[in-house]
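A.B. asks: Take a look at the letters that make up each chain.
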Amino acid sequence: MLTSSIDTWQSELASIVGQANIFASTTDIDGVRPEITVAPASAEETAAVLRVANDNGLCVVPAGGMTKQGMGDAMPHIDILLSTWRLDQVLHYDPGDLTFGVGAGVTLGHVQRTLAPHKQFLPFDAMQSARATVGGLLATNAHGPLKHFYGGVRDYCIGIEFATADGKVVKGGGRVVKNVAGYDLMKLLIGSFGTLGVITSANFKVFPLPQQTRTFVGNFSELREALDFRDVVRKSALTPLCLEIASPQAQEYFGQAPEARNPDLYAPRAQVDVRPQWNVYVRAAGSERVLERYRQELGVTKEVAGREEAELWQWISDFELNVIARHHNAMIIYVDVPATDVGSAIAAAVKAALDNSCMTAVLGRAAAGAVVVAIIPLAVGPPSAMHYANAASALRAALPRDASAVVARCPLEAKTRFNVWGTSPTNTVAMRAVREAMDPRGTLNRGRFVIS
Amino acid sequence: MRAADLAKKLRKIAGKDAVLDRREDLMLYEYDGGVDRGTPELVCFPQTTQQVSEILQLATKSGVPIVPRGAGTGLSGGSIARKGGIVLGFSRMNKILEIDIENQRAVVQPGVVNLDLTKAVEKRGFYFAPDPSSQKACTIGGNVAENSGGPHTLANGVTVNHVTGLEVVLPDGRIIELGGKANDACGYDLTGFFVGSEGTLGIATKITVRLSKLPEHVATLLAIYNTVDDAANSVVALTAACITPAALEMLDGWTLRTVEAATPAGYPLDSAAVLLIELEGMREQVEEDADAVIAICQQVGAREVRRAVNETERQRLWMGRKNAFGAVGRISPSYYVQDGVIPRTKIPQTLAHIESVSQKYGLQIGNIFHAGDGNLHPLILFDPRSKEQTANTLAAGKEILEYCISVGGSITGEHGVGMEKMDVMPMMFSEESIEVMTRLRNVFNPAGTLNPQKLLPASRSCRETFNPGHPSLNANEAGA
Chain H
0 MLTSSIDTWQ SELASIVGQA NIFASTTDID GVRPEITVAP ASAEETAAVL RVANDNGLCV
60 VPAGGMTKQG MGDAMPHIDI LLSTWRLDQV LHYDPGDLTF GVGAGVTLGH VQRTLAPHKQ
120 FLPFDAMQSA RATVGGLLAT NAHGPLKHFY GGVRDYCIGI EFATADGKVV KGGGRVVKNV
180 AGYDLMKLLI GSFGTLGVIT SANFKVFPLP QQTRTFVGNF SELREALDFR DVVRKSALTP
240 LCLEIASPQA QEYFGQAPEA RNPDLYAPRA QVDVRPQWNV YVRAAGSERV LERYRQELGV
300 TKEVAGREEA ELWQWISDFE LNVIARHHNA MIIYVDVPAT DVGSAIAAAV KAALDNSCMT
360 AVLGRAAAGA VVVAIIPLAV GPPSAMHYAN AASALRAALP RDASAVVARC PLEAKTRFNV
420 WGTSPTNTVA MRAVREAMDP RGTLNRGRFV IS
Chain E
0 MRAADLAKKL RKIAGKDAVL DRREDLMLYE YDGGVDRGTP ELVCFPQTTQ QVSEILQLAT
60 KSGVPIVPRG AGTGLSGGSI ARKGGIVLGF SRMNKILEID IENQRAVVQP GVVNLDLTKA
120 VEKRGFYFAP DPSSQKACTI GGNVAENSGG PHTLANGVTV NHVTGLEVVL PDGRIIELGG
180 KANDACGYDL TGFFVGSEGT LGIATKITVR LSKLPEHVAT LLAIYNTVDD AANSVVALTA
240 ACITPAALEM LDGWTLRTVE AATPAGYPLD SAAVLLIELE GMREQVEEDA DAVIAICQQV
300 GAREVRRAVN ETERQRLWMG RKNAFGAVGR ISPSYYVQDG VIPRTKIPQT LAHIESVSQK
360 YGLQIGNIFH AGDGNLHPLI LFDPRSKEQT ANTLAAGKEI LEYCISVGGS ITGEHGVGME
420 KMDVMPMMFS EESIEVMTRL RNVFNPAGTL NPQKLLPASR SCRETFNPGH PSLNANEAGA
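Just so you know, the sequences run in chain order H and E.
Numbering of the first sequence is given in numbering that gives the first Met the number 0, commencing with residue 0 and proceeding in unit increments.
Numbering of the second sequence is given in numbering that gives the first Met the number 0, commencing with residue 0 and proceeding in unit increments.
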């Protein structure tokens with residue numbers, strides 16, 4: 000692009016958001032450095048920025064806390080990183096109504112800190128709550144273990160505001176917990192990865208914070224036994240908040256990395272138990288009587304409470320982050336399957352990894368059918384791009400038609416060689432037509448999403 | 000194309016007995032549970048997805064409007080053929096195609112009656128959670144179109160929270176799949192977007208729904224009040240105490256007396272209001288919550304809190320609530336039911352406002368509603384033979400909706416926009432938002448063949464050429 004035209008659109012943007020809110024980008028997305036970062040302070044400014052970008056044929060990447068920018072196909076060029084960090088207001092909170100509205104740039108941690116004094120919370124325990132923003136979490140349809148009881152964010156987001164590529168400010172839903180006026184634009188925007196509009200604020204119904212919880216842990220030597228235990232819980236009258244399964248390897252990431260030992264000096268004090276154990280975590284809320292009922296029915300010996308319990312669930316929420324911190328070249332796949340396919344999906348992941356010289360660590364919502372698979376290359380002989388592609392492909396081949404397996408992270412060299420999104424059970428022609436109507440010039444996240 | 004030619008072609012597609020074209024038959028399809036009317040030129044009953052596809056192709060090619068219809072229990076005119084054309088009835092596509100207990104899913108055709116699905120799975124310990132009052136008659140296809148609610152959606156969510164996959168026929172005849180049995184799918188959530196689109200995007204011919212586990216224990220309470228204010232304040236107090244009942248319904252004194260006269264449910268005739276509160280879940284939890292609810296209601300001024308001691312008593316309490324609309328139908332030539340939503344903390348002042356509207360227009364307004372989620376159903380009684388009363392009724396309804404919006408609410412909680420509230424959409428949504436919604440409709444339904452003039456307000460030029468529907472005798476038993 001000619002320097003003069005860059006000057007023109009950049010000065011246009013400066014007149015919208017102020018020179019102080021346009022700066023040089025400091026982070027790469029898949030190895031590409033955006034030309035500039037722009038931070039609008041309102042929905043109207045966001046819309047105005049998008050209008051300029053759209054008119055000039057620019058490519059915009061909306062960004063919140065940058066925790067999921069590794070997702071999607073690599074883009075060859077990015078003009079504007081549109082940061083939502085200045086959309087940081089709590090817009091309304093009425094504890095008596097259990098409803099809450101915030102700007103897209105508010106972090107999940109801030110949301111919970113605002114609600115906690117009223118003994119309320121958003122049942123949203125996605126990873127990296129200190130950095131992840133509401134806008135980003137909605138756009139990526141993020142979730143955590145609490146999805147088991149409370150459902151996904153689509154179930155408690157009651158209103159949304161976003162700016163379209165052609166510079167309109169649009170609202171869907173509202174501020175009340177029940178509302179069917181107009182099309183459900185919340186559903187459309189959730190999980191759309193910024194390709195239909197830039198979310199500027201959202202309203203939620205919030206929930207009472209459980210006063211007391213306890214986590215019951217079942218250990219099993221086989222995956223099958225762990226799933227049988229899951230089914231016992233599913234078929235019982237118990238209503239746990241979380242029902243999580245963790246492969247033996249996944250549990251290695253529930254804590255700091257072990258310190259490197261000097262093999263010449265190290266000797267274990269006690270015998271090390273090396274039998275693999277699949278864990279199922281059942282998190283219950285309620286009075287002592289309720290917890291006693293869980294204790295009786297589950298018949299497991301291990302119980303975690305208090306601070307230890309809070310930490311355990313923090314590690315579980317941040318599982319993917321911990322894997323990546325230790326293995327920069329790991330591949331993370333989000334698998335969504337019907338409940339009965341959880342077992343075969345996990346087994347397929349383990350086999351796909353082994354066949355491609357990798358280990359696996361698997362963690363997930365055992366009954367809701369949302370599993371995070373980490374494919375971790377063995378230290379010996381770094382894998383080629385084909386290993387990643389083959390592992391993802393082998394896993395996908397084992398899944399039913401209406402399942403999804405999205406590669407959320409993998410090394411860039413591998414990413415360009417295969418389809419990170421996989422197939423969708425939803426008609427792609429229809430999805431493409433929706434995208435075409437909302438962003439005909441491909442201004443938003445051009446070439447990044449499953450349909451592009 | 001002339002109706003006779005069209006009828007011939009439809010018979011060829013769907014069968015000789017699948018088309019109605021005589022005036023007396025068509026008249027049965029000119030109304031739904033709401034106040035509007037419109038006579039179709041033909042009614043057709045397809046039996047397969049393929050037939051639906053062929054019919055839609057034919058209609059699109061001929062420029063004939065298509066209006067899908069389940070059981071006609073809708074309350075916002077969603078299934079009214081306001082521009083004539085073909086009403087597509089789904090009573091012959093009423094099969095439960097699959098019950099997958101292990102995955103807690105069922106795959107059904109759109110004509111399956113809501114309650115029939117629950118009946119088919121309750122022996123195995125499951126049910127379909129959305130429970131509109133018309134659940135004995137209304138179809139799941141209609142529930143999907145309207146994103147229907149019901150008393151028990153307070154804790155369990157509305158229809159969209161219970162649908163994970165759809166097969167949809169678009170106006171051009173294309174058959175597309177959206178989602179499946181998994182909770183989430185890669186790509187846009189077009190399943191969620193489609194639910195509640197009121198038949199303006201496509202026609203669902205196969206629906207994958209979530210089956211919920213029947214609760215182990217249920218407690219049904221009836222809190223009785225001497226003033227409406229105390230009842231309203233109890234709702235506020237219960238919400239503030241962070242108790243989420245499965246259902247929390249309110250009936251005011253006038254309504255409960257009307258109900259008692261038709262369906263003796265055991266509501267005390269001298270009370271000013273009652274709350275019907277249901278708690279579900281694990282036995283221990285339900286018992287603890289029931290104690291807490293009783294304590295809170297008494298603290299806020301309940302005269303008495305009764306508890307159903309067995310299933311018969313429970314059913315009787317619910318019978319009154321679910322038959323309430325029918326009960327009102329016995330004493331008034333017609334009624335107009337509103338569906339506004341307000342923040343729950345605003346219930347006391349909203350009820351006061353409704354009372355002032357009632358006095359202003361000299362109309363009897365009964366209140367029966369989903370108090371727990373602030374979804375009001377004021378019933379405005381009127382005689383459609385009186386032009387003045389009819390006009391006043393519509394004006395009173397609009398005033399109530401305006402008030403709902405002014406306190407941060409919505410024009411519809413579960414009945415849908417349909418043709419009834421199309422023109423008040425701009426009260427909630429900006430021109431830009433409506434433009435984007437229109438753009439999205441045009442992706443799927445560009446010619447407006449499918450359910451024309453519904454949900455989205457017409458542009459100014461169209462509005463002038465169109466006569467608004469007239470409230471007419473309300474002959475339904477359906478309610479919300």
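No lab work stands behind these hints: they were computed from the structure.
All C-beta atoms in this analysis are idealised placements derived from N, C-alpha and C, irrespective of residue type, glycine included.
Among the clues, some could well be false.
Example chain H residues on the side facing chain E (calculated, C-beta under 8 angstroms, incomplete) [claimed, not checked]:
#1 D96
#2 T98
#3 G151
#4 K170
#5 V175
#6 P207
#7 I323
#8 R325
#9 A436
#10 P439
#11 R440
Going by beta-carbon spacing under 8 angstroms, a handful of chain H positions derived as facing chain E [stated by the list, open to error]:
#12 Q313
#13 W314
#14 N389
#15 V449
A.B. asks: Run every hint past the structure and note whether it holds.
C.D. replies: Now the hints, each set against the structure:
no., hint, verdict
1, D96, "holds (4 angstroms)"
2, T98, "holds (7 angstroms)"
3, G151, "holds (6 angstroms)"
4, K170, "holds (5 angstroms)"
5, V175, "holds (4 angstroms)"
6, P207, "holds (3 angstroms)"
7, I323, "violated (21 angstroms)"
8, R325, "violated (27 angstroms)"
9, A436, "holds (5 angstroms)"
10, P439, "violated (10 angstroms)"
11, R440, "violated (14 angstroms)"
12, Q313, "violated (23 angstroms)"
13, W314, "violated (23 angstroms)"
14, N389, "violated (20 angstroms)"
15, V449, "holds (5 angstroms)"
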